[in-house]
Amino acid sequence: MSRWMERTMIVFCWICGLVLLAAIATIFGYLLYQGLGTVNLRLIFGNISAVDALLLRKHVFAGLFPAMVGTLAVVTLSVGFAIPVGIASGVYMAEYARGGVKWVLGFCFDILAGVPSIVIGLFGFALAIFLHRHFSAGIYPSLFISSLSLAVLVLPYIIRSTQFALENLPAETRLIAVALGATKLQNIVYVLIPKSLSGIFSGVILAIGRCAEDTAVILLTGAVAFAGVPKSLFVQYEALPFYIYYISSQYANQQELSSGYGASIILLLICALLFFVASMTQKGVTYQALYRA
Amino acid sequence: MNDPVKIKIEHLFFSYRDRFVLRDANLRIAENTITAIIGPSGIGKSTFLMTLNRLWETIPGAKLQGRIEIKFQGQFQEIHDRNYPPTTLRRSVGMVFQTPNPLPMNIFGNVSFPLKLAGFRQKSKMADRVEQALKRAYLWDEVKDRLNEDALLLSGGQQQRLCIARALILEPEILLLDEPTSSLDPKAGAVIEELLVNLKNSCTLLIVSHYQDQVQRVADIVFELAEGKFVPMPVWK
Amino acid sequence: MEKITERILTASALISAFITVLIFAFLLIFGLPLLQGGQWFGLLAQPWSPREGLYGIRPMLLGTVYISLLGMAFALPLSFGCSALISVFAPRRFGGFLRKVVQLMTGVPTVVYGFVGIFLLVPMVREIFQGGSGMCVLTASLMLAVLISPTLILFFVDGFDRVPRSYLNAVAALGGNEAQQFIFVILPNAWKSVLSGIVLAFGRAMGDTLIALMIAGNAVQVPGSVLESARTLTAHIALVIASDYDSPEFKSIFACGLTLYLFSTMMVVLIRSIGAIFGRKEK
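Sequence lines, in order, name chains A, B and C. Following numbering that gives the first Met the number 0, the numbering of the first sequence begins with 0 at its first residue and continues without gaps. Following numbering that gives the first Met the number 0, the numbering of the second sequence begins with 0 at its first residue and continues without gaps. Following numbering that gives the first Met the number 0, the numbering of the third sequence begins with 0 at its first residue and continues without gaps.
Because the hints were derived from the structure by calculation, they are not lab data. Predicted model only: the values in this text are computed from it and were never measured. Ideal Cβ placement from N, Cα and C applies to all residues, glycine included. One or more hints might be untrue.
Stated by the list, open to error - If you only want the chain C side, here are some residues facing chain A, beta carbon under 10 Å, derived:
| no. | residue |
| --- | --- |
| 1 | Ser-132 |
| 2 | Glu-177 |
| 3 | Leu-209 |
Working from the sequences, and respecting the hints, build out all of it.
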């Protein structure tokens, strides 16, 4: 390979790096430029005072508050569903499953991780229809359905990060408690899980981030543009990412458009924060990024 | 020299991943002695230790054939007997590893951990047992005022003595030690050697070591593991 | 106690795996009327023309393929260059900085990319090409490339970094420079990661909804050029969801869903076989 070709390759790589940096800088810069001015309490609470809004004394009509509450609610519920099932499955995969069973289950989880989010949303929608027909007429696409669907979306992440964390414990760590007479379960509960906690935790954080930013699933399962703060599980609700999507095509004036930028900045901050927390608690960030499919 | 036998190993074959460690090995270990196993690096001394508390079962691809009997309370017990659970075995056969491995708990928590595993509930008795174990491990005086401290704050030598105390708290009749001082400085190692000699009265010790001088100082009986069998070696006292 | 816990853990894993199957089942059941009688392939081949009673998803299928492929075409060289930069050619600190930036980029919500795309990129494309609305295959592919590049880069970098230092040292000791180390040592050893990364990213590209939905224009047609509007399978689902339950249009979205599900499953199989081939080579 001639010097000339090597030089060209290196130059090409540098150009790529600069292009990427330019792209992200432009995107961030543009967003901040357009939206930073609007990020204030007014954006969130509209004309109502923050205290009144937080205590749910008054409805916020022209602010992001209901959407933020909606996002908070849906994230909490979905992660609440996904964590127990996900960690339990991850423990099973790492500590109990063997051979053919492990292979098949792993394959299923890989497929689940790869299913596009809109298809999961479609599943949620279909599930709502099914439950509506066969169970209770009160079930519609709602906070409940969205949380179940989002739980399905992030389940593979929690399973895989739990499994990965457990499987990567040093061999001797596995033996300490066993040598002291511990049963398999005692070993898992008293030593293995506590030692894997950082890995499991960052999987959870990643799942939270994924739920907060998702739009495709909630679009199909209950998110709407105007619904106020959700009062029960079985109602439609607002969410931050959905608001951004909605505004992008339905904005009536410059102010609404600006609020879209403001909302984007807020959502960006939330996700960046979560991602930052996850990267602090786990060294294998690349792995995490990969599973953020 | 006519001490009663504590461990009987007969026609033992052990391999993992088609690597033979023991081929028709036979060994008798006398009670209340320190028996040392020596041999070149990588020959399987540590792996052999694991056959005695059935930790070998955690090694992938491991196969074992033969008889291992240990005398508990006057009666010989085949340790692979179906009715004899490995968890019970490991409460009577303690193990100390090469590198100290305290758990992320305080000192008291670490030492009392085996009691917790065994379902021991009486909190009052626990403190006594912990004190006793730490005394046997020559660590009590150094930590008695800071039992609540994180075990990981101790020095290397102290951590290893902590692990010894932890292994002793269930009062095992046998203690297996896998190169217990190789990760420590000579001074710390000397303390441990002294405590091991003192444990002889209440315990039967089996120690793997590649330090010739340590073996000569500490052991009563020495075997070399060579070509899958145990060869008795002289001890110059 | 032990037994009960083991049963619970097993049950959790089985339920989770079952969900994977359940999704497929639901898609199948709901799409059934439209799929019966071997209409499946007809569906894929037919154009979408409600007036003529044709609910083929062919335009959307091609929309997905075109946008994904074009997006990959932009993303691959870019990611390759960036990853080589991070792993090999850039000085430590800059490489570390770039890596952090890329990691941060994976945390950016897709909807934000879409939003900025509409108001920044679309007018730009409109200006440059003097015509059309700017909401077309090209714009969507560009944004998609920005979306999937970080994942690709991190995957590649991970693969490059796994190559044992000793190989690199060997080449360096023989007088090889960095570029040569990259070509002769890193690439041949990391090809499996590179390939898996490509497959994974392609799966992501095909499965993306928002960028295509917000930027590609959503016209139900097979795009004649990159400057024309198109609709993807994913966007189609989002757009049609508001239709009446029993209409055939509605059922077409389940056909889209099935297609996407099968596509993504194929990607998983592909990745696993790449891993399997690699495993065999090792022995």
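Status of the hints after comparison with the structure:
Checking Ser-132 of chain C against chain A: minimum C-beta separation of about 13 Å lies over 10 Å; hint violated. Given the 10 Å rule on beta carbons, the hint for Glu-177 of chain C holds: about 8 Å separates it from the nearest Cβ of chain A. Given the 10 Å rule on beta carbons, the hint for Leu-209 of chain C holds: about 6 Å separates it from the nearest Cβ of chain A.
Hint 1 alone, counting from the list given before, is not met by this structure.
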